[in-house]
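Protein chains in written order, with the working numbering: chain F, 4 to 727; chain S, 209 to 520.
In short, the hints are calculated from the structure, not lab data.
Virtual Cβ for every residue (Gly too), placed ideally from N, Cα, C.
All the given hints hold, so there is nothing to weed out.
Below, a list of computed lysine-lysine pairs in the DSSO-like style, where the Cα atoms sit at most 27 Å apart:
| hint | chain 1 | residue 1 | chain 2 | residue 2 |
| --- | --- | --- | --- | --- |
| 1 | F | K195 | S | K322 |
| 2 | F | K327 | S | K519 |
| 3 | S | K517 | F | K327 |
| 4 | S | K319 | F | K82 |
| 5 | F | K483 | F | K666 |
| 6 | F | K333 | S | K519 |
| 7 | F | K666 | F | K655 |
| 8 | F | K541 | F | K580 |
| 9 | S | K322 | F | K419 |
| 10 | F | K111 | F | K666 |
| 11 | S | K517 | F | K362 |
| 12 | F | K525 | F | K557 |
| 13 | F | K655 | F | K580 |
Facing chain F, according to a computed beta carbon distance under 8 Å, are these residues of chain S, among others:
| hint | residue |
| --- | --- |
| 14 | D309 |
| 15 | L325 |
| 16 | Q332 |
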Amino acid sequence: MRRYKTGLSVILLTGAFVLCDAPTAQAYIGPGAGFAVGSSLVAFFLAFLSGAAAIVLWPTRWLFRFLRGRHAMARARTKRFVILGLDGMEPTLAEKYMAEGKMPNLSKLKRKGTFTRLGTTAPPLSPVAWSSFLTGCNPGKHNIFDFLTRNTRNYLPELSSVSIHGPRRVLKLGKYSIPLGKSDIRLMRKGKPFWNTLGEHGIFGNIIRVPITFPAEPFRGVLLSAMCVPDLRGSQGTFSFYSSGESTQEEHIGGEQIRVKREGNLVRSYLVGPDNGLREGAGAMQCPFEVEITGKDSAVLTVNGERVELTCGKYSPWVNVKFKAGLGIKVDGICEFLLQAIEPEFRLYVTPIQIDPAKPAMPISYPSVFSNYLAKNQGRYATLGLAEDTWGLNAVLLGDDDFLHQCLEADEEREKMFFDGLEKVRNGLCVCVFDGVDRIQHMFWRYIDKDHPAHKGQAKVQHRDAIEELYKRMDELVGKTMKACDDDNTVLMVISDHGFNSFRRGVDLNVWLEQQGYLVLKPEGRGQKYLAGVDWSKTKAYCLGLAGIWLNIKGRESQGIVDPADADALREELCEKLTGFRDEEKDELAISRAFDAHKIYAGPYKTESPDLIIGYNRGYRVSWEAAIGQPTDKLFHDNDKAWSGDHCIDPKLIPGVLYCNRKIDTQHPRLMDLGPTVLDMFGVDVPGHMDGRPLTVADLDGTFPTNGHADGNGKLKQKAVTVS
Amino acid sequence: MDTLGKILVDGALAAWWLYEAIIAVLMAGFSALNVVLDPVLSTVLRVLNPIANIAGDVVYGMVSVLSPAWGLVIISAITGVVMLFLFKYTSNQTAIVASKDAIKANLLALKLYKDELRVTFLSQWRLLLAIARLQWHMFKPVAIVIFPMLVGLSQMGIRYQWRALRSGEQAYVHMYLDEPLSHEVALEPVQGVSVEVPAMAGEQDYAWRIRATESGRFALKFLVDSEMIEKELVVGDKLERVSVERAGANWVTQLFHPIEPLLPSSSPVSRIEIKYPDRESWFYGSNYWVLTFFVISMLVALVLAPVFKVKF
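Construct the entire structure; sequences and hints are all you get.
Okay, here's the thing in structure tokens:
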């Protein structure tokens, strides 16, 4: 067949050459040839124009950059700084696998340069930790203390890092509301990323998927946002599950189940999109789709006129879906379909519908064309902040295989972006964060912790080595990165924002507060979500989110009862009671320390934090119910969910890792020191507001600068604790 | 400075010489292929032309109630749609999209990484490769489409490039021979056509000046020695197909003059040509019709491509 096709091609091409020889044929190019010639000519012309402009303007741009950054350039100790973030890499596991020879590349990095633990933030949560990384500040200066915060007017949970509202002004035309302006999307993280400071000195940054960078802020470089980028519905990821089974429509955390009816070989349903802001009362936009069953394990999906072959157990590629709002306005999204079964019941899983990077509905990159550039360069990719659907696996609607597929796919997409950046940026900063490490450990820790409640009967499961395989894969990634950075001008750091541990038991802090008399429930209030069952007129403290406890302060909360003058004493009282709190049933320490947030944070936003930050012991965490403000009747809950590993514990117990291809001569490096270190290595003065201090990084020959910029800043040079 | 100038001039000359050499080689290749494929294509056209003529008559018969301009618009639009579908189903749409994405990505890379001169050159190079790939993927559908396209265009050409003689108008008729003049040649009188100037002999051809005296489709009869050869003459005001030339077995002439049968290979006459007047209109007249056709068919294809999900 292949030979036949080749032969046919040769004949056709020969024929075409001969036909082109016809003297009059030149005029008769027609549309087909017109497409070919026209589109190529435009591209060629644009390429020529852009190339010529770049070459002609380059000396001017270079001069401008030189003048602006000459001070830094003169003191710079490196040309390129590469930071590879492996979200949640646990140092004890890294040490174990290195000792067993399973991570040769990280071992090599350790031998050649540095491997040490990296101090994390309180609380050790990714949004908090990465915000401290990128601002070089403690959370009191960047305003991110948890994934969630609470609305002080109604106590409802809100996303802490971003606020999204519709356009402020609209023009009402009958049933339509025409927006007069863009949606109001605000980054609630404060403080300036260190790459912005670098940019002010003419140093370019290539920043890929660092959490809490949505909406993308302008700076000198390119950036793709990550954690907290919403899906098209504005949520942090809502999957859809279509089933023809008898179960009625169900609500799951992080997703919804829709009942469908099979008619012959056809199943028709719809995808749920964002609310239609254009037509008042129209509700959520819908995109109809149809699945035609073509075999016992195959079907054809038709959506927006596009046909996609589905096979049971295999994800479709990213499919572009359009939601029509009216007046010709469409919103583009992408999602993947997973046909799980056809018989006896039809089951179809659809990933959260994500912002299409080729036509982004929200500012997920800077400049805005950067997400499109990546889409054109490597194909469509996941844009959702938490792209891996942990809720789908928790709800047992996804299997381990299905979830791992999402993680591996996201990592592959990320790897392409990262290496493209490394290829392109030879002078400047490259940062890329891989968060599959975090997700897989969250969901597969039950396989390496035999004492975990979800471990029972899983000794022979297929993915019991998922975490080990993950670490090996990350080691391969590091190996490739080392190869791409194998020059004298690149400093490479491999870091994690925190470590990982088991999450066996959840503590319902609202129950504890109730038992201690700090929280009172309304009659019938138990079990209600989002603190709806709390009697605010008698409640002094409450728990919401993963990080800690809030006081119900008069004048701050709308129904506050705690006098601000008594707040310090109450915080102290709670800290004393909670520090060393034990799980009597298991005879284990549940809470290692409780912190008074006003004492551990400094900065203008410290009053926005939960009043107490809880440092749980290993194996414990806030319970699922307490995190969503749903008081139960039990203080401790066994965690039997797939989400079995966590890191929301005492920060002292869960440091991250720091590997570097150079020796580092600093005791107890912290995540927030890395931004200042990068600035220092590029010869840029560390801004006074940063809490981090530059680490003392050796030169290529292994010697530490005697008159280094780190010392020159007046920072304390610390004694080496380099592990080699 | 002189040395640099000399190097530049020599370099430019060498590049030009190389270009000329490549063109010469290509042309030689084409000519050689032409020699090989001419008998095949001639045979194909001999079969195809009568069918195309009938199809042309049917199609243009249907639009004949409209003005020539509207007829051209409709036919161009329909051709655009047909070509769109032909393109869709004969091309590798996935590969075309990938090539176009690569072009866009590299154009964006030029903008995003403009400070890195190395990236500028790298992206330029990759851009050229992507354009070459796109051209390659375009070539197959173009190669498939070009032959039927040429046949269709030739049917348009015989209607729009020239117009029929009007009653009372004069024209020259040329008869070209294979060898220098050594034959007895005569143009027989025909009702409706008068011969104003009898045969004027050139080096290897004869010319007559004729005048049409009434509308109709006439057969001019030439007596060459004892052999009778006919050539069609069209007189009238409507949009009618005209056959400018009756020729021998060359496939190119056959392609562009499809109406009349080929001259017998034994005939001493190589071709007979009537100098019809050009059609005068800036929209559908001589040469303009190609432009109009091109613009309309392209526009229709461009507008409908997203509807039919065709990528080019």
